[in-house]
Structures are given as C-alpha cells and as structure tokens.
Amino acid sequence: MKIVKEAIAGTLESSDLLVKVAPSDTREIVIKSEVFKQFGKQIARVVEETLDQLSVKAGSVVIEDKGALDCVIRARVQAATLRGSGSEDLDWRRLS
Amino acid sequence: MKLRRSMLFVPGDNAAMLSTSFIYKPDSIMFDLEDAVSPREKDSARLLVFQALQHPVYRDIETVVRINSLSTEFGRKDLEAAIRGGANVVRLPKTESPEAIRELDTHVTRIEIACGRPVGDTKLMAAIESASGVVNAVAIATASPRMIAIAMAGFDYLVDMHTRRSDDWQPELFYARAAVLHAARAAHIDAFDVVYGNVNDDEGFMREVKIAKQLGFNGKSLIHPKQVYLLHRAYAPTQDEVDHARRVIAAAEEALRNGLGVVSLDGKMIDPPVLKEAEMTLQLAEAA
Chain G
1 MKIVKEAIAG
11 TLESSDLLVK
21 VAPSDTREIV
31 IKSEVFKQFG
41 KQIARVVEET
51 LDQLSVKAGS
61 VVIEDKGALD
71 CVIRARVQAA
81 TLRGSGSEDL
91 DWRRLS
Chain V
1001 MKLRRSMLFV
1011 PGDNAAMLST
1021 SFIYKPDSIM
1031 FDLEDAVSPR
1041 EKDSARLLVF
1051 QALQHPVYRD
1061 IETVVRINSL
1071 STEFGRKDLE
1081 AAIRGGANVV
1091 RLPKTESPEA
1101 IRELDTHVTR
1111 IEIACGRPVG
1121 DTKLMAAIES
1131 ASGVVNAVAI
1141 ATASPRMIAI
1151 AMAGFDYLVD
1161 MHTRRSDDWQ
1171 PELFYARAAV
1181 LHAARAAHID
1191 AFDVVYGNVN
1201 DDEGFMREVK
1211 IAKQLGFNGK
1221 SLIHPKQVYL
1231 LHRAYAPTQD
1241 EVDHARRVIA
1251 AAEEALRNGL
1261 GVVSLDGKMI
1271 DPPVLKEAEM
1281 TLQLAEAA
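Protein sequences appear in the order of chains G and V. All residue numbers in the first sequence are consecutive under the numbering used here, ending with 96. All residue numbers in the second sequence are consecutive under the numbering used here, ending with 1288.
Treat the hints with caution; some may be incorrect.
Claimed, not checked - With a straight-line cut-off of 30 Å between C-alpha atoms, the simulated DSSO-like cross-links for lysine-lysine are:
#: 1; chain 1: G; residue 1: K32; chain 2: V; residue 2: K1042
#: 2; chain 1: V; residue 1: K1210; chain 2: V; residue 2: K1025
#: 3; chain 1: V; residue 1: K1025; chain 2: G; residue 2: K20
#: 4; chain 1: G; residue 1: K2; chain 2: V; residue 2: K1077
#: 5; chain 1: G; residue 1: K20; chain 2: G; residue 2: K32
Stated by the list, open to error - In silico contact screen, one side only, chain V against chain G (beta carbon under 8 Å); selected entries:
#: 6; residue: A1015
#: 7; residue: A1016
#: 8; residue: Q1051
#: 9; residue: A1052
#: 10; residue: H1055
#: 11; residue: R1084
#: 12; residue: N1088
#: 13; residue: E1279
As the list claims (entries may be wrong) - For each label pair, taking beta carbons as the anchor points, the in silico distance ranges come out as:
#: 14; chain 1: V; residue 1: L1070; chain 2: G; residue 2: S55; range: 27 to 37 Å
#: 15; chain 1: V; residue 1: R1040; chain 2: G; residue 2: R94; range: 21 to 31 Å
#: 16; chain 1: G; residue 1: S24; chain 2: V; residue 2: A1114; range: 32 to 42 Å
Because the hints were derived from the structure by calculation, they are not lab data. Just so it is clear, CB atoms sit at the ideal spot from N, CA and C, and this is done for glycine as well.
Could you build all of it, start to finish, from the sequences and the hints given here?
Below is the structure:
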C-alpha cells in the first residue's frame, strides 16, 4: 500500500492517539508519547507491525500517543494509512 | 439462559470508552457505528470497533455492533468489520420489514463463509423505530433463526407517530412496547426497552425501568455507564423472592427424587412455568 497524500486519524483525547501520515521516499516513524519511557518500544512494535501488514514500504508516520491501548494504535494507524493511500477497497485479511 | 438486562451503547469512534466500557459489567456492550459517529469518521470508527472486538477484555462479554443501514454506503463495510472482528451480535437499526432481516442474514452468511466463521455463529437483533416496524414486529422477530432480540427505539418512533415523550406512564409508547414485547415472546427471543436520554435524571430513568420491567422486557438499551448499576439493581429480586424461588426448586428436586409427578409447595401446585420463573429469579439474584 502506498501513501500518496497527507492524512490524519484519531484524536488527542486521553486513551487515543493522533496519527499523521505523508508521502516519503523511505519509511520514517516518529513517536511522541506521555508514556514513552514505559511503553515506547511496545508502541513502536505495534506501529511497525501494522504498517508491515499493510505493506507500507515508504511514508512518514508521526504518532502523538495519549495512552492508547494496542488495539487503538492499530486501528488509528490503519485508518490514517488507508486515508493516505486514497484507497476505498479494504482487504480485511490484512487488518487482523 | 443468557441474561440481557443491560445493553450499553458505546460510540464507535470513542477510543477511551471502547477501552474501558467493559469495567461497568453490562450484560451486553453495543459498539455504535450508526448515529453516534459522524459520516467523516465512519471509516476510522469501523476499524476501531474491528480492533476492539478482538481485544481479550471483550472475550467474556456479549458484543453487539450497531451497523448503518444496508441501504447506505457504510452498512456492508460495517458488517465486514463486525463479523470479521468477532462480534456476537449485529444490530440493525430502523428495521421496518422481515425482508431487511433476510437481506442482512444473506450478507452475514456470505461474510462468515469468507472469513471462516461457522455459518450461524453471528446472531442478529433488530431495532424497531417506526410505526411500520411496530406493525411488522412479529414478522421481523421471526425472519431469521439468527434473531436473538428486538429492541424498541423511542426517539424516531415518537417522531414518526407525531408525538413526544411524557414523564408519567408514557401512554404514547404503550402500544409499541406491548407489540414489540409480544412479538419477541411469540418468537422466543429477548426484548429491550427504549433508551432513556436524560442521563442526569436518575429518578426519571428508574420510573421508566419500572414500566419496562413490569411489562416484561428483559432489559433496556443504555447510553450511560451509571445506568447499568441502577438497572441491575432494579431488576434484582427481593430476598423474599429469592427465598421462595429456592424453596420452589428444592420442592421440585425432592419430588423428582421421590418419583412424584405432581409437585406442590405450601399447598400450591408447582407447574413448569412456576419452576421456570424460580430459576430465572435465582439467575437474576446471582447476577445482581
């Protein structure tokens, strides 16, 4: 899946996160989190896994986390990526 | 028998509520992709619900997803998210005919096959929100073997009926409540009463719960977590009712042990409906 335009998903409310994606030649991930010390590695792992599932090879992904659960991180990264890809058709098998 | 006193609405785009609503211990949690979510957030909410459904905290609680109507651009996508995410039940809003349920059933079967869920695993419920829905309630309730409940939804129904909600015994809802409840009982499925929208009015909420309970509804659809506790407390049997239920069951068990066909307690015959009611009383007491 290719990120072809800027897109965002999520919010800055507690237990949520804001994900911004934009086109880029390489895959770049920036994570800001109130709980980065405790959960930074875990958040990064979930973001990487989610992007891998969607076959995102390149793109800028900026995360502002407000203490979201893994399932929320997955969903918001998926939503931002799909919006950024301009794709209407979902392959649900890739989203588990 | 599955207890369905409380069905707590959780907006599908609210990450905080999706992450915490299980702690209030409603009998069912309903993730809403319909009215609670703005059109531009439908895609994101759908993914949020899809992911939340797979979270271990929801393994031990009945999960329901209210999808958008299948006639909208969102309905079928919502259904994919609900079934592939593992929702126990799909709730169809604004159901007016049995054909709508049969159409939904067909799509559910298609998706179950596609994602490897056993066919029939996903249950259905219909929300009745119009005069047409009330008139067709029996046909709707019996339209699919997947049906497990119907729910009365008051706001749209009252607009359709050119009236508004009153604060007393609510004559404007009486016919619809009775019709929906009879349809559910005839179909041997559960029935949910309307949402009470004023979350700051516990007294009004409890007045409405009393009406619903007395009519025979299994429970209500709820829009605020604090209503779960209030509702469960109202549906809890009294100690006298629990004591009597225990004596009924003990008498029935003793009669069974002694090979007696007729069971009596305090000179009154205990027939199957009395025994069933006693069992339900103990189940409610245990869950209270």
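Outcome of the hint check:
{"no.": "1", "hint": "G:K32 with V:K1042", "verdict": "26 Å, holds"}
{"no.": "2", "hint": "V:K1210 with V:K1025", "verdict": "21 Å, holds"}
{"no.": "3", "hint": "V:K1025 with G:K20", "verdict": "35 Å, violated"}
{"no.": "4", "hint": "G:K2 with V:K1077", "verdict": "22 Å, holds"}
{"no.": "5", "hint": "G:K20 with G:K32", "verdict": "12 Å, holds"}
{"no.": "6", "hint": "A1015", "verdict": "4 Å, holds"}
{"no.": "7", "hint": "A1016", "verdict": "4 Å, holds"}
{"no.": "8", "hint": "Q1051", "verdict": "4 Å, holds"}
{"no.": "9", "hint": "A1052", "verdict": "6 Å, holds"}
{"no.": "10", "hint": "H1055", "verdict": "5 Å, holds"}
{"no.": "11", "hint": "R1084", "verdict": "5 Å, holds"}
{"no.": "12", "hint": "N1088", "verdict": "17 Å, violated"}
{"no.": "13", "hint": "E1279", "verdict": "37 Å, violated"}
{"no.": "14", "hint": "V:L1070 with G:S55: 27 to 37 Å", "verdict": "30 Å, holds"}
{"no.": "15", "hint": "V:R1040 with G:R94: 21 to 31 Å", "verdict": "23 Å, holds"}
{"no.": "16", "hint": "G:S24 with V:A1114: 32 to 42 Å", "verdict": "34 Å, holds"}
In terms of the numbered hints stated before, the structure departs from hints 3, 12, 13, listed from lowest to highest.
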